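Asker: One-letter residues, chain by chain:
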Amino acid sequence: MKTDHDHTKALEVKNVVKYFHDPSTFQVLKGVSFDVQKGEFLSIIGKSGSGKSTLLYVLSTMDTDYEGTLSVNGHLLTGQAQNTLSTFRNEHIGFVFQFHYLLPEFTALENVMLPAKKLGRFSLEEIEHNAYESLRLLDLEDQAMKSANKLSGGQQQRVAIARALINSPSVIMGDEPTGNLDSKNSLAVQDIFRNLAHEFGQTIICVTHDNDFARNTDRTIEMADGLIV
Amino acid sequence: MRRKRKNNVNKQIASVHLTSKKWQTAVAILGVTFGVSMYIFMNSFMNGVNKAQDDLAFSNLAHIRIDNESEKRDYNPVSDKFPASTLFNIRDKKDIQSENDIKNTTEVMSVLKKQSEISNITAQLNFSVFFRSGSKKINGSISGVDVENENRMFGSASKVITGKWDDLNFQKSGLIIGKTLAENLGLKLNDNVNILTSDGISKNFSVIGIIETSVKEIDRSRAYININTARQVLGKNFDYSSDILVNLYDRNKTDQIVANTKSAIKYKMETWQEANQQLLAASQLRNIIAIAVSFAILLVAGFGIYNIMNMTINEKIREIAILKAMGFAGKDILNIFLTQASIIGLLGGATGLILGVGISSLVNRVPFKVAGLTTLPINYHTIDFMSAIVFGILTTIIAGYLPARKASKIDPVLIIRG
Numbered sequence: 001m002k003t004d005h006d007h008t009k010a011l012e013v014k015n016v017v018k019y020f021h022d023p024s025t026f027q028v029l030k031g032v033s034f035d036v037q038k039g040e041f042l043s044i045i046g047k048s049g050s051g052k053s054t055l056l057y058v059l060s061t062m063d064t065d066y067e068g069t070l071s072v073n074g075h076l077l078t079g080q081a082q083n084t085l086s087t088f089r090n091e092h093i094g095f096v097f098q099f100h101y102l103l104p105e106f107t108a109l110e111n112v113m114l115p116a117k118k119l120g121r122f123s124l125e126e127i128e129h130n131a132y133e134s135l136r137l138l139d140l141e142d143q144a145m146k147s148a149n150k151l152s153g154g155q156q157q158r159v160a161i162a163r164a165l166i167n168s169p170s171v172i173m174g175d176e177p178t179g180n181l182d183s184k185n186s187l188a189v190q191d192i193f194r195n196l197a198h199e200f201g202q203t204i205i206c207v208t209h210d211n212d213f214a215r216n217t218d219r220t221i222e223m224a225d226g227l228i229v
Numbered sequence: 001m002r003r004k005r006k007n008n009v010n011k012q013i014a015s016v017h018l019t020s021k022k023w024q025t026a027v028a029i030l031g032v033t034f035g036v037s038m039y040i041f042m043n044s045f046m047n048g049v050n051k052a053q054d055d056l057a058f059s060n061l062a063h064i065r066i067d068n069e070s071e072k073r074d075y076n077p078v079s080d081k082f083p084a085s086t087l088f089n090i091r092d093k094k095d096i097q098s099e100n101d102i103k104n105t106t107e108v109m110s111v112l113k114k115q116s117e118i119s120n121i122t123a124q125l126n127f128s129v130f131f132r133s134g135s136k137k138i139n140g141s142i143s144g145v146d147v148e149n150e151n152r153m154f155g156s157a158s159k160v161i162t163g164k165w166d167d168l169n170f171q172k173s174g175l176i177i178g179k180t181l182a183e184n185l186g187l188k189l190n191d192n193v194n195i196l197t198s199d200g201i202s203k204n205f206s207v208i209g210i211i212e213t214s215v216k217e218i219d220r221s222r223a224y225i226n227i228n229t230a231r232q233v234l235g236k237n238f239d240y241s242s243d244i245l246v247n248l249y250d251r252n253k254t255d256q257i258v259a260n261t262k263s264a265i266k267y268k269m270e271t272w273q274e275a276n277q278q279l280l281a282a283s284q285l286r287n288i289i290a291i292a293v294s295f296a297i298l299l300v301a302g303f304g305i306y307n308i309m310n311m312t313i314n315e316k317i318r319e320i321a322i323l324k325a326m327g328f329a330g331k332d333i334l335n336i337f338l339t340q341a342s343i344i345g346l347l348g349g350a351t352g353l354i355l356g357v358g359i360s361s362l363v364n365r366v367p368f369k370v371a372g373l374t375t376l377p378i379n380y381h382t383i384d385f386m387s388a389i390v391f392g393i394l395t396t397i398i399a400g401y402l403p404a405r406k407a408s409k410i411d412p413v414l415i416i417r418g
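Protein sequences appear in the order of chains D and S. What the first sequence shows, in the working numbering, is residues 1 to 229, in sequence order. What the second sequence shows, in the working numbering, is residues 1 to 418, in sequence order.
It is worth saying that the hints were derived from the structure and are not from the lab. Misleading hints may appear alongside valid ones.
Only pairs whose alpha carbons sit at most 25 Å apart, straight line, appear in this in silico DSS-like list of lysine-lysine [to be verified]:
no.	chain 1	residue 1	chain 2	residue 2
1	D	47	D	14
2	S	172	S	188
3	D	150	S	172
4	S	11	D	146
5	S	51	S	172
6	D	150	S	369
7	S	22	D	146
8	S	113	S	268
9	D	30	D	14
10	S	188	S	137
11	D	146	S	21
12	D	150	S	179
Chain D regions said to be covered by chain S (calculated; three or more residues, Cβ under 8 Å) [said to hold, decoys possible]:
no.	region
13	24–31
14	113–125
Pair ranges (Cβ atoms, derived) [said to hold, decoys possible]:
no.	chain 1	residue 1	chain 2	residue 2	range
15	D	26	S	401	51 to 57 Å
16	S	27	D	26	42 to 48 Å
17	D	20	S	401	56 to 62 Å
18	S	315	D	211	49 to 55 Å
19	D	99	S	299	49 to 55 Å
20	D	23	S	354	39 to 45 Å
21	D	65	S	386	47 to 53 Å
22	D	23	S	299	51 to 57 Å
23	S	287	D	23	56 to 62 Å
24	D	69	S	401	48 to 54 Å
Computed from a predicted model, the values in this text were never measured in an experiment. Heads up, the beta-carbon is just placed ideally off N, CA and C, and yes, glycines get one too.
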């Protein structure tokens, strides 16, 4: 599984082609290839329908219905079994969705703790401590015990970001991760991301509409009609 | 260690799901409760009915009855004396006076006593008589009984409503008479009654007791005397009887006993299954009904659970997608929802057990004064409780498994992209 070429590459995307079949067959990604370096803060921009979100879901390993290959940290993930991929995601990939997506019946703290409990690498006390740290980073520690459905949209999105950080994943992906945040919080999140990338070597890949956000990243990939421009 | 924590997080999610929609969970649990309790009630009731029926039937029916009656005799003494090829002609052939009775009672009983399955043996000498009291004459029968063993087999003493069963031992000319027969003859305790046998023997007895069985026919026509007195009345010796009745520890083993003793006992041996086939058929039919109804109930409960689990999973489809995105595998999702189904099954099974016993004991108090019964019969069997629990939980898990498998196969991308 481990391919030994380049230890500085976090992500290797080779000639990814993807079709949608519903309602009619349509080629969304028309052969996308790029590399992302470890510790790089990358943004993907493009118009609606350019295929940028679709590409992100392929990178996230959740979408396996594509042609071409994807490697993360030198692991070839194309063609792996679903169970292998979910274990890999749990350990190596943190994800922030466009519409926050917390478990509404759990408290903010429990939401953040879930991926770590699933990973099971640390004791419950350590996980709780780390979850508090994550929440504190996003200025949410006083919301920790609140049920997720009692939080505002912006708070929920920041809890989702805290959750994405909990397992210290090597790659963090976001689909409009700051879409629901005001400019102050948005800037704070961008600072956190940049810090994680540059201080801790975590790779950040974000799809965004926000040109200010894109300008704040190390590199921006622009997509149009299923291709990188 | 690592695996245990993963399971814990699955269990935690399952318990949050169950407790966040308490009403829905309660409805699902109630479905199982209802199914399990009805299963227990139906089976306990049917067992009660079967037992009552058996008690009623075996209050005057032995497991095996040995007698010398009504078998067609093809014994031809001529063929014993002459070779087979001899031509003979007998005019006006009649059966030699048939020997209706058992002459070697002790021998037959000693053969039977060697069988370890046998719990009780008693001999009877039954014959038809006219009861005569004043101007009244009523056709009936006398049962000469072995006082102790008769009581042990049929509990006769408890059916004597006036007088005492054991007095038959002490009063040689004493007789215990059926309740209706006594009324019809106008007899009370200590009155005298005359009996007349078919051979023309007449003897006076005094009424030392009145008996009421659950069988009207017996109460209307039968009286009991000591078997020794009966032998004296008929002028027979002390090894003479008309019926030998045998009870077994397990009444279903009659065929085995008959097979074991057939070579040693030349008389007709009739098992209760042959004598009362309707009894067997009725109890088997009731069992089939009970099983069919309780399975139908469990099936309905199963569909209820299936529906609720399906609803839950449709409601939580986004959460399932998030869990998968966070790295929960299909088998974790399956585990989460199967845990919910199992908890519903366990809680429903436990409450169903309690409710089932509750309903049964209430029904057991409903008055029902027919044929020796006072209330509706209920009889608990451990096996019913165990199978109710097993079926209840099994139904729940199967009903939960199908939606849970569907959930485990949800493609998170489809849900998250919207």
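Asker: Hint by hint, say whether it matches the structure.
Answerer: Now for the hints, and whether the structure bears them out:
The hinted pair formed by residue 47 (chain D) and residue 14 (chain D) meets the criterion: a straight-line CA distance of about 22 Å does not exceed 25 Å. This hinted pair checks out: residue 172 (chain S) and residue 188 (chain S) have alpha carbons roughly 18 Å apart, not beyond 25 Å. Between residue 150 (chain D) and residue 172 (chain S) the CA atoms are separated by roughly 95 Å; this puts the pair beyond 25 Å, and the hint is violated. Straight-line distance between C-alpha atoms of residue 11 (chain S) and residue 146 (chain D) comes to about 21 Å, which keeps the hinted pair within the 25 Å bound.
A C-alpha spacing of about 36 Å is found between residue 51 (chain S) and residue 172 (chain S), which places the hinted pair above 25 Å, so the restraint is violated. About 64 Å separates the Cα atoms of residue 150 (chain D) and residue 369 (chain S), which puts this hinted pair outside 25 Å; it is violated. About 20 Å separates the Cα atoms of residue 22 (chain S) and residue 146 (chain D), which keeps this hinted pair within 25 Å; it holds. Restraint check: the Cα-Cα separation between residue 113 (chain S) and residue 268 (chain S) comes to about 18 Å, which is no more than 25 Å; the hinted pair holds.
Between residue 30 (chain D) and residue 14 (chain D) the alpha-carbon distance is near 11 Å, which keeps this suggested pair within the 25 Å criterion. For the hint linking residue 188 (chain S) to residue 137 (chain S), the alpha-carbon distance of about 16 Å falls within 25 Å, and the restraint holds. Annotation: proposed proximity of residue 146 (chain D) to residue 21 (chain S) holds, straight-line Cα distance about 18 Å (limit 25 Å). At most 25 Å may separate the alpha-carbon atoms for a hinted pair to count; residue 150 (chain D) and residue 179 (chain S) exceed this at roughly 81 Å.
Judged by the Cβ-Cβ criterion of 8 Å, the region 24–31 of chain D is not covered by chain S as claimed, because only 0 of its residues qualify and three are needed. Coverage of the region 113–125 of chain D by chain S holds in this model, with 8 residues showing a Cβ closer than 8 Å to a Cβ of that chain against a need of three. Against the hinted window of 51 to 57 Å, the Cβ-Cβ separation of residue 26 (chain D) and residue 401 (chain S) comes to about 37 Å, which falls outside the hint. At about 44 Å, the beta-carbon gap between residue 27 (chain S) and residue 26 (chain D) stays in the expected band of 42 to 48 Å.
One distance hint, 56 to 62 Å for the beta-carbon pair residue 20 (chain D) and residue 401 (chain S), is violated here, with the actual separation near 32 Å. Hint check: residue 315 (chain S) to residue 211 (chain D), Cβ distance near 38 Å, so the stated range 49 to 55 Å is violated. Taken as a hint, the range 49 to 55 Å is violated for the pair residue 99 (chain D) and residue 299 (chain S), whose Cβ atoms sit roughly 41 Å apart. A beta carbon spacing of about 55 Å between residue 23 (chain D) and residue 354 (chain S) contradicts the range 39 to 45 Å that was offered as a hint.
One distance hint, 47 to 53 Å for the beta-carbon pair residue 65 (chain D) and residue 386 (chain S), holds here, with the actual separation near 49 Å. Remark: the range hint 51 to 57 Å for residue 23 (chain D) to residue 299 (chain S) is contradicted by a beta-carbon distance near 40 Å. For residue 287 (chain S) and residue 23 (chain D), the Cβ-Cβ distance of about 58 Å falls inside the hinted range of 56 to 62 Å, so the restraint holds. Here the CB-CB span from residue 69 (chain D) to residue 401 (chain S) is close to 36 Å, at odds with the stated 48 to 54 Å.
When held up to the earlier numbered hints, the structure conflicts with 3, 5, 6, 12, 13, 15, 17, 18, 19, 20, 22, 24 and fits the remainder.
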